[in-house]
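**Student:** The residues making up each chain are set out below.
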Amino acid sequence: MDKSMNVREVIKDNFNNKRHRGLEKFIPKIFLLAASLSVVTTVGIVCTLLFDAFKFFSRVPLREIFSTKLAPLSANPSFGILPLINATMITSLIAMCVAIPIGLTAALYLSEFASDGLRRILKPIMELLAGIPTIVYGFFAYSFVTPILMKLIPGLEAKNALSPGIVMGIMIIPMVASLSEDAMNSVPNAMREGAFALGSTKLEVAFKVVIPAAFSGIMASFVLGISRAVGETMIVAIASGSSKIFTFDITRSMQTMTAYIVEFTSGDAGSGTLGYYSLYAVGLILFVFTLLMNLLAQYITRKYREEY
Amino acid sequence: MISQNTNKDEAKRIIYSVNNLNLWYGKDQALKNLNFTIEENDVTAIIGPSGCGKSTFIKTLNRMIEIIPNVKTSGEIIYNDRNIFDSAFGVEELRTRVGMVFQKPNPFPKSIFENVVYGPKIHGIRNKKKLMEIAEVSLRNSALWDEVKDRLNSNAYGLSGGQQQRLCIARALAMEPEVLLMDEPTSALDPIATAKIEELIMELKKDYTIVIVTHSMQQAARISDKTAFFLMGELIELDKTKTIFTTPRDKRTEDYITGRFG
Ligand SMILES: Nc1ncnc2c1ncn2[C@@H]1O[C@H](COP(=O)(O)OP(=O)(O)OP(=O)(O)O)[C@@H](O)[C@H]1O
Ligand SMILES: [Mg+2]
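If you read the sequences in order, they're chains A and B. Note that this note's numbering has the first sequence beginning at 1, numbered continuously upward. Note that this note's numbering has the second sequence beginning at 1001, numbered continuously upward.
Possibly wrong hints are sitting among the right ones.
As the list claims (entries may be wrong) - 30 Å max Cα-Cα, derived DSSO-like pairs, lysine-lysine:
{"#": "1", "chain 1": "B", "residue 1": "Lys1196", "chain 2": "B", "residue 2": "Lys1251"}
{"#": "2", "chain 1": "A", "residue 1": "Lys202", "chain 2": "B", "residue 2": "Lys1027"}
{"#": "3", "chain 1": "B", "residue 1": "Lys1110", "chain 2": "A", "residue 2": "Lys202"}
{"#": "4", "chain 1": "B", "residue 1": "Lys1110", "chain 2": "B", "residue 2": "Lys1121"}
{"#": "5", "chain 1": "B", "residue 1": "Lys1104", "chain 2": "A", "residue 2": "Lys208"}
{"#": "6", "chain 1": "A", "residue 1": "Lys303", "chain 2": "A", "residue 2": "Lys208"}
{"#": "7", "chain 1": "A", "residue 1": "Lys208", "chain 2": "B", "residue 2": "Lys1128"}
{"#": "8", "chain 1": "B", "residue 1": "Lys1240", "chain 2": "A", "residue 2": "Lys303"}
{"#": "9", "chain 1": "A", "residue 1": "Lys303", "chain 2": "B", "residue 2": "Lys1121"}
{"#": "10", "chain 1": "B", "residue 1": "Lys1128", "chain 2": "A", "residue 2": "Lys303"}
{"#": "11", "chain 1": "B", "residue 1": "Lys1130", "chain 2": "A", "residue 2": "Lys202"}
{"#": "12", "chain 1": "B", "residue 1": "Lys1130", "chain 2": "A", "residue 2": "Lys208"}
{"#": "13", "chain 1": "B", "residue 1": "Lys1205", "chain 2": "B", "residue 2": "Lys1242"}
{"#": "14", "chain 1": "B", "residue 1": "Lys1032", "chain 2": "B", "residue 2": "Lys1012"}
{"#": "15", "chain 1": "B", "residue 1": "Lys1104", "chain 2": "A", "residue 2": "Lys303"}
{"#": "16", "chain 1": "B", "residue 1": "Lys1129", "chain 2": "A", "residue 2": "Lys208"}
{"#": "17", "chain 1": "B", "residue 1": "Lys1196", "chain 2": "B", "residue 2": "Lys1240"}
{"#": "18", "chain 1": "A", "residue 1": "Lys202", "chain 2": "B", "residue 2": "Lys1121"}
{"#": "19", "chain 1": "B", "residue 1": "Lys1128", "chain 2": "A", "residue 2": "Lys202"}
{"#": "20", "chain 1": "B", "residue 1": "Lys1128", "chain 2": "B", "residue 2": "Lys1110"}
{"#": "21", "chain 1": "B", "residue 1": "Lys1121", "chain 2": "A", "residue 2": "Lys208"}
{"#": "22", "chain 1": "B", "residue 1": "Lys1196", "chain 2": "A", "residue 2": "Lys202"}
{"#": "23", "chain 1": "B", "residue 1": "Lys1206", "chain 2": "B", "residue 2": "Lys1130"}
{"#": "24", "chain 1": "A", "residue 1": "Lys208", "chain 2": "B", "residue 2": "Lys1149"}
{"#": "25", "chain 1": "B", "residue 1": "Lys1110", "chain 2": "A", "residue 2": "Lys208"}
{"#": "26", "chain 1": "A", "residue 1": "Lys202", "chain 2": "B", "residue 2": "Lys1072"}
{"#": "27", "chain 1": "A", "residue 1": "Lys303", "chain 2": "B", "residue 2": "Lys1149"}
{"#": "28", "chain 1": "B", "residue 1": "Lys1012", "chain 2": "B", "residue 2": "Lys1242"}
{"#": "29", "chain 1": "B", "residue 1": "Lys1012", "chain 2": "B", "residue 2": "Lys1205"}
{"#": "30", "chain 1": "B", "residue 1": "Lys1149", "chain 2": "B", "residue 2": "Lys1129"}
{"#": "31", "chain 1": "B", "residue 1": "Lys1251", "chain 2": "B", "residue 2": "Lys1206"}
{"#": "32", "chain 1": "B", "residue 1": "Lys1129", "chain 2": "A", "residue 2": "Lys202"}
The set of hints was computed from the structure by calculation and includes no laboratory data.
Throw the hints in and build the complete structure from the sequences for me.
**Tutor:** Laid out in structure tokens, this is it:
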């Protein structure tokens, strides 16, 4: 036998190899750098937002901010933010009314009823839907869904909250479905077997065992879906228009926070004007909102994490 | 005394009668022409080397095997005068009459109480008082009541493995089944928890017919009345446990129980 082939010798040599040790120390530093990059960026964004938003909040009285009158470009401008928040909440609500029931049912079907082969085909297709650029969805809402809705609902405006709300819901379905399906899939089969052995039907297993066991994951998927709807921009900018009225009428045009930012960054809000700083204020509110949503999702997963 | 015993033996009702049962997983045959009877209030132990079809067989008795795709069966299993493979025989109904306890405890991620009353609840019992009564009786019968009576509302996963397994037994008992199927119910437990479950089985056999798969020859000898020896999907021998362990008829049975098996 060749001496150099001695396993113990080779392993010992390998341990004494200095280069190997150096890499072991050096490479993780690169990893750290990559990881901190996103943290640094986030902090940077928050600082910019805070800094310029502060300029806005220090110049506009709180009473005006929390009013329903939004007219940033009039001779006597008013910066009430409630119309924007209202529009964002309404479109998000419509979206979730579409995304939650359909997403959850799709997840249930995929996880509990579809055969393995069918699931392997359907799930990637569904996830493909999530990869479509949102501008395409926006166009779809404006030029396809709105005309249909106009036939069904007389008096529906060409730009309205309903159509982008629905399309946003469609866009979010894959996300809710996919995350919920993951949660249901991670429920151990032994649990289903336990329920079947007690004479449960498939539906009973799905609703009485799997959904409760996957509850935290399902809730988290809802919250992330809402967060996505709140932050969604192109669809509402295109199909909901830029009316700054405060209304609960979903057949009318209304401007969401994101659409407001789009309008003003692409328009002519001169740097240094109040209108310019209002963008940062709205941006900050959006940021805080989505942050809270994501924290809530994390909290739910942790608090209700099923131990099995 | 002795004559009384034999009398009782003769009077025993046949609960299961398995005739020419074959089972295939896709193309692989896992059970080969089984003929088998299981009598009321007996503990029937099933022994045999790994992969011989013990789990497959016991899961066929409550048709849990059908959860696995591509399973085909032929032959019949007569349970109380009805063929369980008859399309008229609802599988859910069968499973309410025939309870099952699994190798690894598998409580639901719910409270102890909710675990026990899960079965009665889905089958239509809503009355709170009645459910509470069911929970207490079942937990007493599974020898768990004293350990959990003060924390019925805490999560079942806070219990030890042995307690979880007794909870699963309670969950099955809550349905007031006629038969209990147990697939290696103690293989994930320590000796003390195992002893408790064995004691429990001895107690339960007064009211239930029990079929238990076990890898422990001693366990089969301790708790069963009848023992069946399986080998490669075939039933080699089924007899009184005493006979199997002292004077088996088949050479292969003898080889297996004396540990002389390949
Ligand atoms: N889901 C399945 N799909 C295909 N074949 C299976 C499946 N489950 C079991 N088998 C096969 O059927 C045969 C019997 O398996 P079974 O699980 O009944 O054995 P067992 O006696 O319970 O073994 P063990 O003592 O290891 O639990 C084995 O050859 C096994 O490979
Ligand atoms: Mg087995």
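**Student:** Any hints this thing doesn't respect? Which numbers, in order?
**Tutor:** Of the numbered hints given earlier, those the structure breaks are 1, 8, 22, 31, listed in rising order.
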